[in-house]
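*Asks:* Given next are the chains, with one letter for each unit.
Protein chains: 2
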Amino acid sequence: MTIGVGLLGLGTVGSGVAAILASPQGRHPLVAALALRRVAVRDPARPRSVDLDPALLVTDPAAVVDDPDVDIVVEVMGGLEPARTLILRAIAAGKPVVTANKAVIARYGEEIAAAAEKQGVYVLIEAAVGGGIPIIEPLKQSLGGNRIHRVSGIINGTTNYILSRMAEEGAAYGDVLADAQRLGYAEADPAADVQGGDAADKIAILAGLAFGGPVPRAGIPTEGIDRLKARDVTYAAQLGFVVKLLAVAERINEHDQAEGIQLDVRVHPTLLPKHHPLAGVHGVNNAILVEGEPVGQVMFFGPGAGAGPTASAVVADILNIAGIRQVGGADAGLDPLLAASSWRPVSLADASLASHRNYVRLQTRDEAGVIGRIGTCFGTRGVSIQSIVQFEATEGSAEIVVITHQVRESSFRDALAAITALEEVQRVAACLRTL
Amino acid sequence: MTIGVGLLGLGTVGSGVAAILASPQGRHPLVAALALRRVAVRDPARPRSVDLDPALLVTDPAAVVDDPDVDIVVEVMGGLEPARTLILRAIAAGKPVVTANKAVIARYGEEIAAAAEKQGVYVLIEAAVGGGIPIIEPLKQSLGGNRIHRVSGIINGTTNYILSRMAEEGAAYGDVLADAQRLGYAEADPAADVQGGDAADKIAILAGLAFGGPVPRAGIPTEGIDRLKARDVTYAAQLGFVVKLLAVAERINEHDQAEGIQLDVRVHPTLLPKHHPLAGVHGVNNAILVEGEPVGQVMFFGPGAGAGPTASAVVADILNIAGIRQVGGADAGLDPLLAASSWRPVSLADASLASHRNYVRLQTRDEAGVIGRIGTCFGTRGVSIQSIVQFEATEGSAEIVVITHQVRESSFRDALAAITALEEVQRVAACLRTL
Numbered sequence: 003m004t005i006g007v008g009l010l011g012l013g014t015v016g017s018g019v020a021a022i023l024a025s026p027q028g029r030h031p032l033v034a035a036l037a038l039r040r041v042a043v044r045d046p047a048r049p050r051s052v053d054l055d056p057a058l059l060v061t062d063p064a065a066v067v068d069d070p071d072v073d074i075v076v077e078v079m080g081g082l083e084p085a086r087t088l089i090l091r092a093i094a095a096g097k098p099v100v101t102a103n104k105a106v107i108a109r110y111g112e113e114i115a116a117a118a119e120k121q122g123v124y125v126l127i128e129a130a131v132g133g134g135i136p137i138i139e140p141l142k143q144s145l146g147g148n149r150i151h152r153v154s155g156i157i158n159g160t161t162n163y164i165l166s167r168m169a170e171e172g173a174a175y176g177d178v179l180a181d182a183q184r185l186g187y188a189e190a191d192p193a194a195d196v197q198g199g200d201a202a203d204k205i206a207i208l209a210g211l212a213f214g215g216p217v218p219r220a221g222i223p224t225e226g227i228d229r230l231k232a233r234d235v236t237y238a239a240q241l242g243f244v245v246k247l248l249a250v251a252e253r254i255n256e257h258d259q260a261e262g263i264q265l266d267v268r269v270h271p272t273l274l275p276k277h278h279p280l281a282g283v284h285g286v287n288n289a290i291l292v293e294g295e296p297v298g299q300v301m302f303f304g305p306g307a308g309a310g311p312t313a314s315a316v317v318a319d320i321l322n323i324a325g326i327r328q329v330g331g332a333d334a335g336l337d338p339l340l341a342a343s344s345w346r347p348v349s350l351a352d353a354s355l356a357s358h359r360n361y362v363r364l365q366t367r368d369e370a371g372v373i374g375r376i377g378t379c380f381g382t383r384g385v386s387i388q389s390i391v392q393f394e395a396t397e398g399s400a401e402i403v404v405i406t407h408q409v410r411e412s413s414f415r416d417a418l419a420a421i422t423a424l425e426e427v428q429r430v431a432a433c434l435r436t437l
Numbered sequence: 003m004t005i006g007v008g009l010l011g012l013g014t015v016g017s018g019v020a021a022i023l024a025s026p027q028g029r030h031p032l033v034a035a036l037a038l039r040r041v042a043v044r045d046p047a048r049p050r051s052v053d054l055d056p057a058l059l060v061t062d063p064a065a066v067v068d069d070p071d072v073d074i075v076v077e078v079m080g081g082l083e084p085a086r087t088l089i090l091r092a093i094a095a096g097k098p099v100v101t102a103n104k105a106v107i108a109r110y111g112e113e114i115a116a117a118a119e120k121q122g123v124y125v126l127i128e129a130a131v132g133g134g135i136p137i138i139e140p141l142k143q144s145l146g147g148n149r150i151h152r153v154s155g156i157i158n159g160t161t162n163y164i165l166s167r168m169a170e171e172g173a174a175y176g177d178v179l180a181d182a183q184r185l186g187y188a189e190a191d192p193a194a195d196v197q198g199g200d201a202a203d204k205i206a207i208l209a210g211l212a213f214g215g216p217v218p219r220a221g222i223p224t225e226g227i228d229r230l231k232a233r234d235v236t237y238a239a240q241l242g243f244v245v246k247l248l249a250v251a252e253r254i255n256e257h258d259q260a261e262g263i264q265l266d267v268r269v270h271p272t273l274l275p276k277h278h279p280l281a282g283v284h285g286v287n288n289a290i291l292v293e294g295e296p297v298g299q300v301m302f303f304g305p306g307a308g309a310g311p312t313a314s315a316v317v318a319d320i321l322n323i324a325g326i327r328q329v330g331g332a333d334a335g336l337d338p339l340l341a342a343s344s345w346r347p348v349s350l351a352d353a354s355l356a357s358h359r360n361y362v363r364l365q366t367r368d369e370a371g372v373i374g375r376i377g378t379c380f381g382t383r384g385v386s387i388q389s390i391v392q393f394e395a396t397e398g399s400a401e402i403v404v405i406t407h408q409v410r411e412s413s414f415r416d417a418l419a420a421i422t423a424l425e426e427v428q429r430v431a432a433c434l435r436t437l
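In order, the protein sequence lines correspond to chains A and B.
Take 3 as the starting number for the first sequence in our numbering and just add one per residue.
Take 3 as the starting number for the second sequence in our numbering and just add one per residue.
Okay, chain A solo, but in the shape it has when bound (with noise of 0.2 Å):
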């Protein structure tokens, strides 16, 4: 039985998924029942990494979603629109779409789901988070038994090369990012990598698999690494941490109730202890690491990015799509874990009710005394401290680092600006979360 694919889109990920396809020995044999049926391309006259038959290329998308012998459409064209809307008109002609575009899902996921279950379709996106990672169908169909307390994780590979490459040469930032636009590691517009957005639209897929239901895209608090300063991550590293681009999704109430559970769902710069086990994730990789009852930690690791890690993930789903074909027939069900509907209600909870670890650098003049009345600010509002070290001293002007104990966001920020009102203080010159 040959199973029609169409593909929207031939860039990388399109090349590398067109590349398995054309060269199935050595793979799971259920690669060779699939075939390329149809390809949209913007320019079918350009020249193309992979040797493809010029009669599989058309230039209106549409004409894929619609071909009857494509039985599933595969969406690797990237950005919201037509994205969307072909994703929708695959689901209405009852074919299965498998997409690797997180900014669709991330803002649009509701809405094709509810339209995936009224069709009895599966839309699966292994490819949308963390590369070649396997980490949606575990977080699917692996991990179901658990109740999952957490899920963090290094999920923008850019930003982690950008932030090895600060610590290991203690460069600048915008040094970096100048050399990774350089060698490609970086886009021309890093925007959406470097302010988070792209860790966003990742952690709120992630967290809807693993806590059961849609998350407020738009609500997640978000910080890139673009105001981070090479002087914190040296500082961070003098005090055993690593700084981090983190993503984290985490549950706040224990026991669910009528309103569904609260998340506290947040993007980041961190600093881990160095014995985290997302602090040895360095370069282009990715990790996500989910923490359950009664699992514990698990971690995944791999490639974030690239054309073959990519399309290794988009295999993944069109062979799970093709592999459940031969369960049922026709008139056969979904598979509730690899269709993942959504099971409660998820909403986020308010930031200031959270409770994290902090990192501050407090620019101070150098006088006897400053420490002590700084120590006092967090003291008398509650938060109470880990470390407090003095860092290089010039010109009348001191460096001052304290690292928190966990502590509610709202007294951390009432002792912030306690602190702020000190005449030694002069600024608060940067403040980023720990784990």
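Check each hint, because a few of them may be wrong.
When chains are identical, the list treats them as one kind, so a pair holds in a single copy or across two.
[Stated by the list, open to error] Straight-line distance between alpha carbons at most 25 Å, and here's what the computed DMTMM-like set of lysine to aspartate or glutamate pairs gives: (1) K276 - E170; (2) K231 - E397; (3) K276 - E171; (4) K231 - E401; (5) K120 - E83.
The set of hints was computed from the structure by calculation and includes no laboratory data.
Bear in mind that the values here come from a model prediction, so they are computed numbers and not experimental data.
Given chain A's structure and the hints, the job is docking chain B onto it.
*Replies:* Just chain B now, kept in the frame of chain A:
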């Protein structure tokens, strides 16, 4: 639709499974569709950590398999018999099986798979390797588009705990083992763990899935950590390596041949460069690294044993069976990915033809020129050396450590024979593989 579960065994893992089924709140809703129907125990009067209706307990395991209310048979009793017979009995009755029993699968996997294929039922084994780490499912369902080159892993928690403590404390193997036994991290009879047999069982299973055909378990060269000296762990650290008990399955011939593919499969203490992804895996944790084209390297990390993690994996398998039941009716086919039938012949390569890097510690007379003569012995046999270092010498005796580049095993053995024949060389004190 309720799905009846029958448990064979109510030890650590069985109790963990029963605990999950007894408290479905907050887990995937499909858990609530599972009902524990019958449990085989040796002594029904024994007190249990989990609160079960005594009416569920039976002492005859066949009564669990035969119970018409039991839809899925979960074998968590361990041991070869009667586990094997009960698994085959369940299959013969057309009931899918979930098992955590790596020993049975590594030895009787072919027999069991053939019976399962004939009856059209699943035998799922996520819990057999890597405890709570999702690794079986990803290998079967997420990496099928790849040509796998190598699967390597730290897949025995007991030995990794011992090696971690030897490295941290410079302690002797025997002392740490005794302590591990006292703390419950090692069995009273530690042979299966420390001699590598458990890891060999597991790599046979992983390789079978990754490469698509059954691996002859009995042919796997296996070396444990029971003869490892603290001194070699220390020297390795000084040279920038960490010693781990690694299980490796690697493809030797690049192209598929009529007689199938050849694998180099082995278990032995191995020096890993400090920055290798597996080098940072400490304590009772496990990690499996999968390398393939086009995915590159992906790694799966987590708790390799324990009631909770292993129960998480068992329940994952039960859920997968329950989920796929909703797809097809009574006469549904098997999902070829989940069923994971073998699809090509696999054989073990002649070990002497394989190539490896090596670590050798030689005890020699403390004389000028020894290093040169050892170097020459390697050089004339085409064994390229990465480093040769003399460590502490006492009373006319010196210790020389050689790390070779990748060389064919037969050439290395030839050189070693010539070196042993040198007058100045007293003995080959240690010989370990190096990645």
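*Asks:* State for each hint whether it applies.
*Replies:* Status of each hint after checking the structure:
In the homo-oligomer, the alpha carbons of K276 and E170 lie at most 25 Å apart both inside one protomer (14 Å) and across protomers (16 Å), since each shortest distance falls under that limit. Within a single copy, K231 and E397 get their C-alpha atoms as close as 21 Å, which meets the 25 Å cut-off; across copies the closest is 56 Å, which misses it. Both within a single protomer and between protomers do K276 and E171 lie at most 25 Å apart by alpha-carbon distance, with minima of 17 Å and 19 Å respectively. Taking identical chains as interchangeable, the C-alpha atoms of K231 and E401 lie at most 25 Å apart only when both belong to the same chain, with a minimum of 14 Å there against 48 Å between chains.
For the identical chains of this complex, K120 and E83 are intra-copy neighbours only, at 22 Å inside a copy versus 48 Å across copies, given an alpha-carbon limit of 25 Å.
Violated hints: none; the structure is consistent with every hint.
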